[in-house]
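Chemist: Go by the hints and put chain B onto chain A.
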Amino acid sequence: MSFPLLTVTAALPAIGAIATAAVPAAGRTAAKWLALLFSLGTLVLAAVVLVRFEPGGDRYQLTESHAWIKDFGVRYELGVDGIGVALLALTALLIPFVILAGWHDADPSPASAGDTPVETKKYRWRPTQGFFALILAVEAMVILSFEATDVFLFYILFEAMLIPMYFLIGGFGDRAHAGSDENASAQRSYAAVKFLLYNLVGGLIMLAAVIGLYVVAGSFSLNEIAEARAAGTLDMATNTERLLFLGFFFAFAVKAPLWPLHTWLPNAMGEATAPVAVLITAVVDKVGTFAMLRYCLQLFPEASKWATPVILVLALISIVYGALLAVGQRDIKRLVAYASISHFGFIILGIFAMTSQGQSGATLYMVNHGISTAALMLVAGFLISRRGSRLIADYGGVQKVAPVLAGTFLIGGLATLSLPGLAPFVSEFLVLVGTFARYPVAGIIATFGIVLAALYTLVLYQRTMTGPVKAEVRGMPDLKVRELAVVAPLIALLLFLGVFPKPLTDIVNPAVEHTMSDVQKKDPKPEVEAAK
Amino acid sequence: MTNSENLIALLVAAPLLGAVVLLCGGRRLDRSGHWIGTLFAAASFVVGAVLFVDMLGKGADERAMHQSLYDWIPVEGFQADVAFQLDQLSMTFVLLITGVGSLIHVYSIGYMEHDERRRRFFGYLNLFLAAMLLLVLADNYLLLYVGWEGVGLASYLLIGFWQHKPSAATAAKKAFLVNRVGDMGLSIAIMLMFTTFGTFTFGPVLEATGETSEGTLTAIGLLLLLAACGKSAQVPLQSWLGDAMEGPTPVSALIHAATMVTAGVYLITRSGAIFNAAPDAQLAVAVVGAVTLIFGAIVGCAKDDIKKALAGSTMSQIGYMILAAGLGPIGYAFAIMHLVTHGFFKAGLFLGAGSVMHGMNDEVDMRKYGGLRKYMPITFVTFGLGYLAIIGFPGLSGFFSKDKIIEAAFAKGGTEGWILGCTALLGAAITAYYMTRVMLLTFFGEKRWQPAPDPDKAPSVEPGIEVHPGEMPHPHESPKSMTIPMVVLAFGSVFAGGLFSLNDSFVNWLKPVTEFEHGHPPISATVITSATVVALVIGLGIAYVQYGRRPVPTLAPRGSLLTRAARRDLLQDDFNHVVLVRGGEHLTRSLVYVDHTLVDGVVNGTAASFGGLSGRLRKLQNGYARTYAVSMFGGTAVLIAATLLMRAV
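Listed in order, the protein sequences are those of chains A and B. Note that this note's numbering numbers the first sequence so that position 443 is 443, with each residue one more than the last. In this note's numbering, each number is its position in the second sequence, counted from 1, plus 1000.
Same shape as in the complex, but just chain A:
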């Protein structure tokens, strides 16, 4: 038996989570370093996966398969295709930055740290250790969910990652809050439970569909079912397939999130600390869009095609609606959240346009959106921690006092508006072209998103960074070394993948070809060629 690389990659952060949680109360700093070390170790393993993966090889590689719950045919089956590898790498890449950016987010609050040694008195559960352990726990589950090729295993992970996320949102809120402490804590709980309930309802519906699938197919194995479908030995009644598809899709659309199931996201991202917000939108939500590509299209190709018109419309609404709402926000983090909703619209549009460009673009979009949102949101977090407010109106003239912070914020913003030269442009243009090729009107409507993106980004930049320096902003320090270490690599990556996306497309393209053949769709031919 070969070395179980995928299991180890997912297990390392899980072990890290346990180790970090076990660090005694006094070892706060040690716990942070331990967590960072484990996340970096995971990154190294992810790099090994990336190297070992052969883009032109089998569809699923580095596979592992063990019987798990024999009676129900549940297997512990792992394997990655190009799409899974890309997202696995994204996750492993972002977590160290999330940890580094959140370095002080779970320190005992300075207000109460004054007279008594806080740890011994109030915090029996060692919040710092808990915070970083939870982040690593999320990482482990997300990575494993990208690797799973057993539907039931995936389902368990899909649901289980809600637990640590719930505690991260509800237990460690953003300290910059307009209301009183009590008010803040209430809103935080509300956001956390809303997050949990929305996703749980989605998950329960999916559970029904998972069981239904087992009833119909007699297996949870993605490969077995897909093979049986392709060979024609497994015939689903049209209505059954549609119902099952809807069950899966609903859960993914909540997580992605797609309009109108999006309202939990602004609450969650607004109340959580900036690194946790990044964890939500850049990492966990990607499981939703990833699962649409892998499970919806592969298991239910006919139903996917049947539902496409409606999904495209919802995606378009997400794009325009999310962007318009971003324009209307007064809270920096909620603005980024609505911008993300708009971007998720693009991803879903690209997936269901069912063209090579659209789906390659959508996969690239997941990666690029992760990096660009992380850059923008983490810098926003640094900004917010300096002034203690999330309200855009409380800032002004920051550019004058903290030029590096403003500059990195601008680059994050420019990436969000998909400026050519930065990575998100490549993916957004691919999605647009891929959509336009099959649905010209949808492509044109989506293009309005690029004007609106410029609007909300530049308005945000103008109101916070330019103009006369506000009195409260005057003494604001520029980015520190730790913060620069978070932002600089992300920006470098945005530039690199914007100028030279080939390493990424090489991995993703073959996987997309497989998906395209799953749904038996061919790219529309150019008019001139078709005429010949």
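It should be emphasised that the hints constitute simulated quantities derived from the structure, not laboratory data.
Derived BS3-like pairs (lysine-lysine); straight-line CA-CA distance at most 27 Å:
#1 A:K400 - B:K1165
#2 A:K305 - A:K525
#3 A:K480 - A:K400
#4 A:K470 - B:K1165
#5 B:K1368 - B:K1480
#6 A:K400 - A:K470
Modeler: Chain B only, in chain A's frame:
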């Protein structure tokens, strides 16, 4: 020399490297940054000149060069390369961009001397050149789009360079946004090309125009026109140009003469084959040009701010170029010729205006100038030559290039030809009027100088220059670093047009790329030229009567309805404000409300009707949320186990 094409990438790389060095170099480069920036710009010009000489050594049809770097976005069915194409058209732009651009760099050394962020300013200037060069060198529309938006970014950074001024920050944002509307056109045009031709590389697309329907080509043409309107400030996307004067004056010179606004003319000329096969789109181009040339000229007549008067003039002159480009093969070459001569005199005029402001405590109101010719002789002479060139004084650059456009407009034929031709003639008269007005108000007549305003109350004062409230201006000639570029540009303003027309050398140079047909106007060329001169004299005469013979009040008179409208850019901003800004605000505000109450409420409500969630959601506020969630989770687990058990039984 077969290796010369390997130099093409260097044209873009040099200023790009300069930008990176300057923007990432930090404070230690503060003292040398302006030299580094100028050096990289000049290096690009030198490479351009070398390539130009190399090109001249080849036969007319073998001059196009190509350099392929790498496959940019390799995705199934999608061919996007990073590859450059240098032909006569691109070469013309390269020399203009790097030549005039380098002069503006030199000028800025003096102009920005007192600005503490001068290093950054030069970094942005370098970035601007790099983006513009990428735009004119790309061999496909997608790479062109990268340069196209890069220019938008650079202009955003430069217009808003003095970010602490809210007006500058707003102007920068406005420029980017209006441009993005145009970019949308370009972006959809590229998609349409992709679905029609399967490619967006210039060569294959422009050769395949015969293989598709005229309707498709018209659509592509109109989308490209929309893009051109954004970058080149043509009606209806012209509103950003006047506000863009918030940037430092060298930026205006750069935007108006060498880069940015010329991009639209380039795009249309480059896509000539598409427009030639889509007459409706081509006519639309000509009409937009004609409308803008009058629109800009009228605005230019009413402005008292010297930079804004010149901005109106730019809009109008670019209108001439777009008009010419809309005439097809009889006009392309003249559009580019006017673009180059305009590059000389408009850069000269803006730098001259900056020099005047430099000497006048940064006053921009021409009503508070007067009699400056004695105090700033070099500025006066160079600005004066630029003035004579732009109004088309016989023998100077503008005369040759503008006259050809007017002739070509008449040669369009039919009623259209007469209308376009007469519009162009009318434009020539108005140009003579407003430019004479600028000249007279600034350099002639009484001194109408005012004490410097309180900088706190007058945010328009450019920072970095010490201004003491209440102090009278002491106009003086600017330092050499500023006057030398002005002198060089003045030479171009005087001689370029004549040189280009010698043996039709310019037209012959461009012919292999843009095609060329001799237009045959319904009336003889001599008559048209005479009419142009008459128009010039009329415009000049009226301005002289109004501003040369009568004393000029320092406060603007109320003026006619048209004057007042023109001062407000013919009310376009008011329209935008009421319809787009206000309307948009209402829309987003109501959407925020709808999202909060309706969408959230309905979704929560639906869920509630299924599982009584809303009651629980309300309970969350009581602090038991955490326990509750865990129990909820426990419930799910039980549910899963139960279902599985059922299955097993």
